[in-house]
Amino acid sequence: MNRPKVVVCNTASLDGRLTLAPDVLLLWGDERWPGGTESSAAFEWLQFAHQPQATLEGSGSFVLDGNDPTPLPPFEDEFERETLYTDFLPPAVVERPAHQGWFTVVDGRGRGRQWIKDGGAFGEAWQGWRLLVFVARQTPPAYLAYLRREDIPYLVAGDERVDLSAALEKLREKLDITTVLSTAGGRLNGALLRASLVDEVNVELLPAVIGGFDTPSLFDSPALAPGEEPTRLALISVQVGNEGRVWLRYRVVSEEAR
Numbered sequence: 027m028n029r030p031k032v033v034v035c036n037t038a039s040l041d042g043r044l045t046l047a048p049d050v051l052l053l054w055g056d057e058r059w060p061g062g063t064e065s066s067a068a069f070e071w072l073q074f075a076h077q078p079q080a081t082l083e084g085s086g087s088f089v090l091d092g093n094d095p096t097p098l099p100p101f102e103d104e105f106e107r108e109t110l111y112t113d114f115l116p117p118a119v120v121e122r123p124a125h126q127g128w129f130t131v132v133d134g135r136g137r138g139r140q141w142i143k144d145g146g147a148f149g150e151a152w153q154g155w156r157l158l159v160f161v162a163r164q165t166p167p168a169y170l171a172y173l174r175r176e177d178i179p180y181l182v183a184g185d186e187r188v189d190l191s192a193a194l195e196k197l198r199e200k201l202d203i204t205t206v207l208s209t210a211g212g213r214l215n216g217a218l219l220r221a222s223l224v225d226e227v228n229v230e231l232l233p234a235v236i237g238g239f240d241t242p243s244l245f246d247s248p249a250l251a252p253g254e255e256p257t258r259l260a261l262i263s264v265q266v267g268n269e270g271r272v273w274l275r276y277r278v279v280s281e282e283a284r
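Going by my numbering, the sequence shown opens with residue 27, and the numbers climb by one from there.
Honestly, I wouldn't trust all of these hints.
What the hints assert, rightly or not - Pairs of lysine-lysine, DSSO-like flavour, derived with a Cα cap of 27 angstroms:
#1 Lys31 to Lys196
#2 Lys143 to Lys31
#3 Lys143 to Lys196
No lab work stands behind these hints, which were simulated from the structure alone. Given the structure is predicted, the values throughout are model-derived calculations rather than measurements.
Start from the sequences and build out the full structure, keeping to the hints where you can.
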């Protein structure tokens, strides 16, 4: 396999919802969401169990649909334009001594602003992790110039939108990443699923039911085509936590093994 192992890992309600409503950001959440320290401990366990070198998020975890990002200064230097669409891996960031891993974000539309570059802002478990952005050849040049000014590494994968398979292959080829934890929302997880890029699913189920027609779920993707098989899973382990939480770990059964 010329890409890293991909483990989808999320905290969800019993009915598979990732947030309380459609207009709630995945990472910043809502005080009614019963996560807290138990979920933090769960992700520390994930780090121990999988030893990942990268996590994966979509820009929708940070920016709500319909929210227009702050305009960036236009990029008008046509001579330098093509340089923007090459991978940007500044040695000062990539080769830093305290490096632990990459907090990667898919942002082909260039919506992110005021990025948190150091994962330590998310807690001690993420000290030494740094931001890396996936972009495409249709990503606005002003956004790529902004990333370069901020010394934020990025990889170019895909034309009109980010090609997830190519992005993962670049992680393996250029940064020697062997395991990625996708803590993303339903649409990115769904895209990974439909592209057959998921190797394992880890879910912490919370003792709550949320409902909602448009509330994000674990895998939001196009419906199966007629005759298309669901993705089969094999149970690896079950852990029962405090307050009724249950941690489920499954591996994806390959088509050859079915």
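Hint-by-hint comparison with the structure:
| no. | hint | result |
| --- | --- | --- |
| 1 | Lys31 to Lys196 | 13 angstroms, holds |
| 2 | Lys143 to Lys31 | 24 angstroms, holds |
| 3 | Lys143 to Lys196 | 20 angstroms, holds |
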